[in-house]
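Taken in sequence, the protein lines are chains A, B, C and D. Under the numbering used here, read the first sequence as residues 1 to 356, first letter to last. Under the numbering used here, read the second sequence as residues 1 to 356, first letter to last. Under the numbering used here, read the third sequence as residues 1 to 381, first letter to last. Under the numbering used here, read the fourth sequence as residues 1 to 381, first letter to last.
Since the hints were made in silico from the structure, they are not lab data. Small disclaimer: the values here were computed from a predicted structure and weren't measured. Please note that the accuracy of each hint is not assured.
Claimed, not checked - Chain A side only, calculated, beta carbon under 7 Å to chain C, not exhaustive:
no., residue
1, Asp52
2, Ala81
3, Glu149
4, Pro331
In this text, a Cβ means the ideal position worked out from N, Cα and C, and glycines have one as well.
Letter by letter, the chains look like this.
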Amino acid sequence: MTTVSQTPHGVTSRNEFAELHGVQTLTFAKALTLAMADAMAADPSVVVFGEDVGTLGGVFRVTDGLTRTFGEDRCFDTPLAESGIVGMATGMAMNGMRPVVEMQFDSFAYPAFEQITSHVAKMGNRTRGRVRLPLVIRVPYAGGIGGVEHHCDSSEAYYVHTPGLTVLTPSTVADAYTMLRDAIASPDPVVFLEPKKLYFAKDTVDLDALRARHTAAAPSTIGRAVIARDGTDATLIAYGPSVAPALAAAATAEAEGRSLQVIDVRSLVPFDDTTVCAAVRRTGRAVVVAEAPGFASMASEIAARIQERCFHSLAAPVLRVTGFDIPYPAPNLEKYHLPGVDRILDAVDELQWEDA
Amino acid sequence: MTTVSQTPHGVTSRNEFAELHGVQTLTFAKALTLAMADAMAADPSVVVFGEDVGTLGGVFRVTDGLTRTFGEDRCFDTPLAESGIVGMATGMAMNGMRPVVEMQFDSFAYPAFEQITSHVAKMGNRTRGRVRLPLVIRVPYAGGIGGVEHHCDSSEAYYVHTPGLTVLTPSTVADAYTMLRDAIASPDPVVFLEPKKLYFAKDTVDLDALRARHTAAAPSTIGRAVIARDGTDATLIAYGPSVAPALAAAATAEAEGRSLQVIDVRSLVPFDDTTVCAAVRRTGRAVVVAEAPGFASMASEIAARIQERCFHSLAAPVLRVTGFDIPYPAPNLEKYHLPGVDRILDAVDELQWEDA
Amino acid sequence: MTEHPERSAQAGGRGTTFLLPSVDVVQLITADGAAAPAGDHKADYPMPNLETLLAGYEQLVIGRRVNDQAGALVRQGRLAVYPSSHGQEACEVAAAMCLQPRDWLFPTYRDMVAVLARGVDPLEAFASLRGDWHSGYDPHEHNVATQSTPLATQLLHAVGVAHAAKLRGEDTVALAICGDGATSEGDFHEALNFAAVFHVPVVFLVQNNQYAISTPLVHQSVAPSLAHKAIGYGMAGERVDGNDLAALLAVLGQAAERARNGGGPALVEAHTYRMQSHTNADDATRYRSDGEVAQWVLRDPLVRLEKYLSDAGALGAADKDRIAAAAETLAKTLRDGLNATTTPDPQDLFRFVYSTPTPQLDEQGRSLAAELAATPTGATS
Amino acid sequence: MTEHPERSAQAGGRGTTFLLPSVDVVQLITADGAAAPAGDHKADYPMPNLETLLAGYEQLVIGRRVNDQAGALVRQGRLAVYPSSHGQEACEVAAAMCLQPRDWLFPTYRDMVAVLARGVDPLEAFASLRGDWHSGYDPHEHNVATQSTPLATQLLHAVGVAHAAKLRGEDTVALAICGDGATSEGDFHEALNFAAVFHVPVVFLVQNNQYAISTPLVHQSVAPSLAHKAIGYGMAGERVDGNDLAALLAVLGQAAERARNGGGPALVEAHTYRMQSHTNADDATRYRSDGEVAQWVLRDPLVRLEKYLSDAGALGAADKDRIAAAAETLAKTLRDGLNATTTPDPQDLFRFVYSTPTPQLDEQGRSLAAELAATPTGATS
Ligand SMILES: Cc1ncc(C[n+]2csc(CCOP(=O)(O)OP(=O)(O)O)c2C)c(N)n1
Ligand SMILES: Cc1ncc(C[n+]2csc(CCOP(=O)(O)OP(=O)(O)O)c2C)c(N)n1
Ligand SMILES: [Mg+2]
Ligand SMILES: [Mg+2]
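Based on the provided sequences and hints, a complete structural model is requested.
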């Protein structure tokens, strides 16, 4: 793999991102920006492109400042064509670059579907590992933002079913930074799903500590779930935008005397069977929570695997609380569609406690 | 909905298809051709188009004779562009036609993915039922034919996860006819998955009886699974190309003294919970068999639903025998990938019979 | 299968440049409201009569009022979002006016003014922007497709609608609108090629408003013009001043009638400008200068037509009052309608996904009903 | 960001027809093997020197032999499938010859002869057609991308490779091949537009062999020519006799050097003919006449170059023997290699999907290993 030592047009101004240090209160979006900026500073082969990511800084401002800091060769707008973006990224990755491309919204990645499934996912295997594609496809996804049609799809099922793709989705500000850097560092293509409704969520993080992971080659977050909250009675398994309602449900349940554990899967592929199965074997009950329509979804997979692997530990079936099997609804109806605290707690109530 | 009473260029020659009657030995492919021909004869709004479907009759000859019989206005070649084909079909369906389009191979439907997910699947819901799209997207799918890359994908998961699509896949010659006619008659868009390796399988069917269903408005096959073989010890749940190995496994098992039931799901969406759950509740054991990679697949969904709905009837976890989570392999390796009799029987053996 | 006049051109080389747009962008009324000097146009584009122009002017004023009113309603939180066509109203109005009732219009998210000019009920049309449902009107009522968000996808639907009509021997025309940005999408290419190969009556109107959100045209295309893309499909292309309603009516009218009479599809590029941000969620000052915008204020489509009609004695004070009143009536309808509270029925979520809900959707609908019955607040948290 | 010579054309109209192809298709050697009369070409295309033509002729002969040998191996069941470029060898050879070793070639399934002409090991290249693995060679070894099956997708990869090189200040050129049918795909459009907008050094070579499987060109496009599509991207287009190696070398060579020197991308349409069926699985007699095929036999690329070189005294009996021997050696390599039995390792199924197999793939690999250990036949039934 060729590595770029210096781009022809170098850094065009001071690196405003490098100046941020120590404990900081950041939005999720800003953590993502910092991850790209730090990766770009560390490795000249990292380039960012997509629709409106340059001057505008992206419709969610996730790439804001990258063109200013790194120049137009490192962060640039493309013509409006998603297959073009992913296809060009594929070629750039074949030739020594590490492209990080943005799809403006979940549904607008669909024109790139052939490039993603037939090339991005398959190139490494097709060439027996001789051509790896270290590229990241960032996809703002899921709902809860009152978005109009085509702006709120939870499209993860399409990607997780496609062998060859790594599929990640952070749910915390710290993970937004760490996981995006892990994604950019990955030798394999990553579909990086960013829950839109978390973009402006804030948290306080120690930026120095977060950065240190990547210089010290800390273990990657890829393939590792985290226990977001411990509990003993049942396990809620969630990811991305559904971690927050799962945690809220656990908090409510605690008040009602039930101790719910919450797992943030965060790495959908590879999936962390070890953490999930160990947890469920301990609690004996599990509810999977996800926004996407449930049919043949990531949630189906989690439920299917758990019952396959933990059957004799289960006191009740693995239940799913997911979006309905409908197109994502218009803003005024989305509250009925999204898995919320009540619906999660209803499912927990159905876990046949009387039998236990 | 406007209905066409007569196309400007009518039938150009005698209808060779209408001349076939009574008991016939047909290939699966020919049954599909007959279904289209009969639907075209019955309803002038039915049109067939796609790549090489006209003069050539399709690369699998499934449309052979349709142009000759019904003229170039009713069955025609398009430019080589799948999004174009599905997008044009969408517009034609908006304007009173019932298009039946062919995607040449599974992977070559991917360029049409945006049209399928963002329009075909959503138009009816978007317009509160005012614009229904009675169109059929025929997709030769799955493997077992020694095909080169991109010619053997089992792509059903992408469609079944997309609300608004009906997804059908016949496994017998009779169902090939009946289900394609039901698909064409459906007011909703249907993704019609044709197992390539069955195209030249033959069976003897009573064509008059098959046809009579459609004049007598017999109950649709959409949403209805069938018991392909009865049995009492465990239920194998399969569809499309996997029904044959499931039946073969059941035959082998019988010789070994184990009675396996085989369900042919055939209608993936809507799914026939009633038939499947009744069966599994009776046998208490289930193995799902499918060619596609197992992760987040139709097989995951079936396993997840069964354990949700039949938990207390299950003597063992619902197991899955699926393709591996890899890109479909090159011809000389596909035998290792495809779910075969041995692998199915191994799974049956694992159904914890000692506990029973 | 079909006659293709262009096919005779198959063997030709530069001699086929009749497919290329005129050297001069077609303009009939200058930005100052005067009759434009004759340009080097490949076709004869006569000035529409005053009656037509007056009717068009009325629609322009109404369109502008709709844009302004919708902007206000967004600021008041009554609409989720509004992509304004302020400055592009001439394209909007011409797109609607050049069609017959039996024809079809394929609009984008930005083409609300064209949708209303076709006669669609304004409150039904605004239902989507209020967030009640993805599309609020019946496309069959006025042959107006749903406003398309996925860029360029609707161009193919227009080809299909036209192809179906052609197969039935009907003389329906479909006019499909897209933006300059959308011309980069694969579906644009496939739609133009299908239209040309099947020789169907579709007019493709590209509203080149110079930006795709923040992306200026120069990052979208380096072609001599977007209309030059037509030759690659064996289709006639034309460029027109998109702020000149008269020129638009002449060019689009001719393209539509040519298509109706079996002359095949055409590509029309209208030069215009998006005067406001992409939507209210956007901030155009991040990527373009006030000076640039100011240049385009001088080319406003309303001002020039008002001047032209007034000078021609075709627009008097009474006309102006009548038109202002009509615009105000529509604005009031929007205000009243959109200020009223609607309560969408949650069961609608399940009703329309299929013609008959699947057993699974029935089950999900019952479960939501039970949940809502148990939580009297009416929603899950 | 980049200099765009074409941008100055942005405002122009028909004056920009320099982007259009020459009126006459570029030909330097006639079908009869004579030097062609000067055509009305927009550029000067000098005849390549005899040494170059002789080297090219050798590759043509080898290419023809590869096509014939592969056909025979298919009939003997040693290859699963072979899409022959019989009749198109001049395009294949020119595509390889106009590039430097540091340049990249993006071939399709039909371009085996070009792949071999770049130096790729023949048995590695044929591994995919034998069915051992999807791609058998290392793309980085000769800068030859995998042969692409999904039509037009590889054109975008070529743009990416060229863009990466350009950003690093390297003068690498990428040449991407596709067929006439592939020009209808959305990715063709997006690739040409990206190449033009980013002004990257890519030469797009369309082998217009008149058919996409059974679909003749007239159902694919009604454009004046496929090369005319270039103008829609602000790119230069050219048409060349695709059975004339000399003309191909001149046109592609000029396009490649122009691209290398910062002149941007180009679209070259080569007129040729697919002499055999689409693949062995196809039956071309279903959709075209013997008479049509016979016409093209007269335009064979080998025959005319042999005549031209012989007449010029540049191809003697010794040359012919040497070339025939080289072709026969390669044919024998193919026969021997492909007749030998290979036993792919089933564990390879899991090794390359990711750089490091996931725990799930490890598990699946172990389970397959256990299964194979239990069933000594080596395969599940
Ligand atoms: C396939 C697709 N990709 C991206 C988007 C997001 N998006 C919405 S509008 C827009 C810009 C469109 O520009 P243009 O076509 O010029 O139309 P305009 O907004 O200027 O009217 C973008 C990128 C989309 N709607 N569809
Ligand atoms: C996206 C896609 N759609 C369909 C196919 C199936 N297919 C393989 S080759 C072919 C015809 C291609 O014609 P052309 O581009 O002219 O190339 P040629 O085969 O003539 O070299 C088709 C339809 C494909 N490979 N990829
Ligand atoms: Mg625009
Ligand atoms: Mg061809």
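Tested hints:
no.: 1; hint: Asp52; in the structure: holds (5 Å)
no.: 2; hint: Ala81; in the structure: holds (4 Å)
no.: 3; hint: Glu149; in the structure: holds (4 Å)
no.: 4; hint: Pro331; in the structure: holds (3 Å)
Of the numbered hints listed earlier, not one is contradicted by the structure.
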